[in-house]
Amino acid sequence: EDKVVQSPLSLVVHEGDTVTLNCSYEVTNFRSLLWYKQEKKAPTFLFMLTSSGIEKKSGRLSSILDKKELFSILNITATQTGDSAVYLCAVGRNSGNTPLVFGKGTRLSVIA
Amino acid sequence: DSGVTQTPKHLITATGQRVTLRCSPRSGDLSVYWYQQSLDQGLQFLIQYYNGEERAKGNILERFSAQQFPDLHSELNLSSLELGDSALYFCASSTTSGVETLHFGNGTRLTVT
Chain A
140 EDKVVQSPLS LVVHEGDTVT LNCSYEVTNF RSLLWYKQEK KAPTFLFMLT SSGIEKKSGR
200 LSSILDKKEL FSILNITATQ TGDSAVYLCA VGRNSGNTPL VFGKGTRLSV IA
Chain B
20 DSGVTQTPKH LITATGQRVT LRCSPRSGDL SVYWYQQSLD QGLQFLIQYY NGEERAKGNI
80 LERFSAQQFP DLHSELNLSS LELGDSALYF CASSTTSGVE TLHFGNGTRL TVT
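Heads up: the protein sequence lines correspond to chains A and B, in order.
If you want this note's numbering, it's the position in the first sequence, counting the first as 1, plus 139.
If you want this note's numbering, it's the position in the second sequence, counting the first as 1, plus 19.
Just so you know, these hints were derived from the structure itself, not from any lab.
If you're wondering where the values come from, they're calculated on a predicted model, not measured in any experiment.
Even for Gly, the Cβ is constructed at its ideal location relative to N, Cα and C.
Please note: incorrect hints may appear among the correct ones.
Unchecked claim - For each label pair, taking beta carbons as the anchor points, the in silico distance ranges come out as:
id	chain 1	residue 1	chain 2	residue 2	range
1	B	Gln86	A	Ala251	39 to 49 Å
2	A	Asp141	B	Asn70	32 to 42 Å
3	A	Thr216	B	Asn70	23 to 33 Å
4	A	Ser190	B	Gly35	46 to 56 Å
Produce the entire structure from the sequences given, and follow the hints as far as they go.
Here it is as structure tokens:
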């Protein structure tokens, strides 16, 4: 059975800290790994990764994929209270038209 | 704003009842996905439609059904509701039927009492 496991499940940090969120996966016919940020409502797209070792960056957020070790990390530097959210990792597959498989998420709380 | 519209935002109903959740995808998107999110299970895939046809099915209960109409909006029907069906139900859409970035609506929070 396909699996996406995120760690830690929750994290509390102070503003200005750097955090690393982890996502490991076991899926057949891997195609892509995506990160989403979910605040109060709809998950919003952050990154899509398809190639190993190529870092994607957006402001203070960055992510990288390791297809050999089957994991990805999401880094957030100089955290702000607005980064408080649940961060979801999802994996897409090549087989047929199968949807994204999501992990349970990491709940990040940034305190002032 | 993702462009995906879900109604209603909240729904409170009793066990044994039936409800219909509605989703309008982003303009131009042909694929609609339904996900269920509960506290302990995360986002669970229910079903996908592409241009009116069912394309993929996840762990959707037999009491649940969905369809996508010619104007591409979709409805998720939940019947014989149980307390455990209380959850946030998300609709997402994408341009194609393949694995592309999904754009999520704000969800319908269903509470079964």
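Cross-check of the supplied hints:
no., hint, verdict
1, Gln86/B with Ala251/A: 39 to 49 Å, "holds, 48 Å"
2, Asp141/A with Asn70/B: 32 to 42 Å, "violated, 26 Å"
3, Thr216/A with Asn70/B: 23 to 33 Å, "violated, 42 Å"
4, Ser190/A with Gly35/B: 46 to 56 Å, "holds, 50 Å"
When each numbered hint is compared with the structure, violations occur for hints 2 and 3.
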